[in-house]
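J.: This is what each chain is made of:
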Amino acid sequence: MPHPPVRTPLLCLALTLLWANSALAQHEHSSGEFEVFVAAEAFHGSGAAPRDDADPWVNADVVAGLTEHQFRVFGELLATPDEVDLERFQMGWEFVPETVLWLGRFHEPASAWNTEHHHGQYLQTDITRPYIERWEDEQGIIPQHITGALLESRQSIGKDGAIQLSGGFGAAPALTNTSLEPFSLIRSDPGRHGPSITGRLAYLPEYVGASSVGLLFGHHDLQASYGLALPALHSNHANLTIYGAYIDWTVGPWRVVGANYYVDVALARTTRDESFISGYLQVERQLPRRLTVFSRWEDSARMQESRYVALFDHEDGNLEIALRRQALGVRWDYARRQALTLELSHIVSLHQQSNEVRVQWSAAIP
Amino acid sequence: MNKIAATAVLLTLLAAGTPALADEKLVLIVSADSNITQLDSLQLRKLFLGLTVTQNGNRLWPVLNETDARVKEIFLQNIVSMSDITYDRSLLRLTLIQGQRRPTAYGDIALLLKAVAADPSAVSYVWSKDVARDPRLRILRVLWHD
Chain S
10 MPHPPVRTPL
20 LCLALTLLWA
30 NSALAQHEHS
40 SGEFEVFVAA
50 EAFHGSGAAP
60 RDDADPWVNA
70 DVVAGLTEHQ
80 FRVFGELLAT
90 PDEVDLERFQ
100 MGWEFVPETV
110 LWLGRFHEPA
120 SAWNTEHHHG
130 QYLQTDITRP
140 YIERWEDEQG
150 IIPQHITGAL
160 LESRQSIGKD
170 GAIQLSGGFG
180 AAPALTNTSL
190 EPFSLIRSDP
200 GRHGPSITGR
210 LAYLPEYVGA
220 SSVGLLFGHH
230 DLQASYGLAL
240 PALHSNHANL
250 TIYGAYIDWT
260 VGPWRVVGAN
270 YYVDVALART
280 TRDESFISGY
290 LQVERQLPRR
300 LTVFSRWEDS
310 ARMQESRYVA
320 LFDHEDGNLE
330 IALRRQALGV
340 RWDYARRQAL
350 TLELSHIVSL
360 HQQSNEVRVQ
370 WSAAIP
Chain U
-3 MNKIAATAVL
7 LTLLAAGTPA
17 LADEKLVLIV
27 SADSNITQLD
37 SLQLRKLFLG
47 LTVTQNGNRL
57 WPVLNETDAR
67 VKEIFLQNIV
77 SMSDITYDRS
87 LLRLTLIQGQ
97 RRPTAYGDIA
107 LLLKAVAADP
117 SAVSYVWSKD
127 VARDPRLRIL
137 RVLWHD
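Protein sequence lines, in the order shown, are assigned to chains S and U.
Quick note on this note's numbering: the first sequence kicks off at 10 and runs consecutively.
Quick note on this note's numbering: the second sequence kicks off at -3 and runs consecutively.
If you're looking for bench data, these hints aren't it; they were derived computationally from the structure.
Treat the hints loosely; a few may be bogus.
Simulated crosslink set (BS3-like; lysine-lysine; CA at most 30 Å straight-line) [unchecked claim]:
1. Lys125(U) / Lys168(S)
2. Lys68(U) / Lys168(S)
3. Lys68(U) / Lys21(U)
4. Lys68(U) / Lys110(U)
5. Lys125(U) / Lys68(U)
6. Lys110(U) / Lys125(U)
With the C-beta cut set under 8 Å, the calculated list includes, among others, these residues of chain U facing chain S [said to hold, decoys possible]:
7. Leu45
8. Thr48
9. Thr50
10. Gln51
11. Asn52
12. Arg89
13. Gly95
14. Arg97
15. Arg98
Note that the Cβ used here is the ideal one computed from N, Cα and C, for glycine as well.
Take these sequences, add in the hints, and give me the full structure.
T.: Structure follows, in structure tokens:
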């Protein structure tokens, strides 16, 4: 990887070309796509609920892609009042129809939620995401951004169904005293990045449908950043092994989304490894007048005993790891590509209990 | 007698105001230069949902006909089997997940026919009367008829 001062202009040039092509290229064998997902949110909390920076009050997620014969390039840039980051940048070769080899920074396929919604808030029915699926810069405890190679394939099985296989290998995030730091494509990167391998095997009852059920696997070697010791862990690195299963099923007006993860944490220089379990189940029901009601239940086991999890819990209380959460809400798609959502949550975290009310406007442009 | 006459007048007016007449057909079209032979329902659904469909080694490109509301309604019901909002979300999802291109849409029938005629890998659907005796285009099959 080039040195950061070289890397940034190269990346900007690639993005500029990509965006220019998105606007201009519409001839027969070249095509571009450009989409912006925006969201604005209001928040009120009780029971000492902090307004954590996991939920910026406004954000814009810009997705731009270019397809040229069997080759694809696309990027996802997220802008909030606090940061601008290139969340994904992938170059792909579709060497067999619906089988693509990608190089770049991608979302790990072993996350059931994030590979479906990414950063596009409008396509997510609810406002918040489950705590176990949070991004690294939102106090997330599981690596979500990997830089390396990703193979994705969907092949027919039976009359209508399909098998979907995704496997990724690359650089895992580095571990600091308070968070995971993924490899950055646009900023200097002082971290040490160990290897990461992740995968997903899913069954789709309909090749072109939205329902799927599958198994998830991830193994991440998380190295402490240069110059950092992690006294809380008594270790300078942690090996995370994740086994999971998920379901995302739609039947008529009903949709069920659920996942369960078993996370094993192996620490160097200690004799005692640790593990915990975290999962969630969300049920959605479409109603007349473009209304959708939803409810989510999150729970965990042994997270409160984990030294690894405690590493991400801020002492000032500005950020909280949720052990359990119940959420209830309603979404109204009141106009084309625009929605209003209300969500109520009760959260039990490592140190306290709290209640939250959130209201969000989300849209896709154009 | 007056009721019958009024009903007849009303039916005549309704028929005149409806673009799709009783013998109207929606047909699947490609360029006359295209080597696309046939597309079954699943291939067509994949194509218009933005997935990769190839024939003879060439990737096919879908072209949406948005020239009238009735064509769109038949397309949603018979080709992709989705509501308008679900179809739109499916395409947005595809863009978000892989930066994939959405099908090109035309609101003007002359421009749509010209675009399909010029691209041997393009596939679209139109009323049969719009392509009758047009040497630039070839009809693959009838998708819907009244």
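J.: If any of the earlier hints don't hold here, list their numbers in rising order.
T.: 1, 10 and 11
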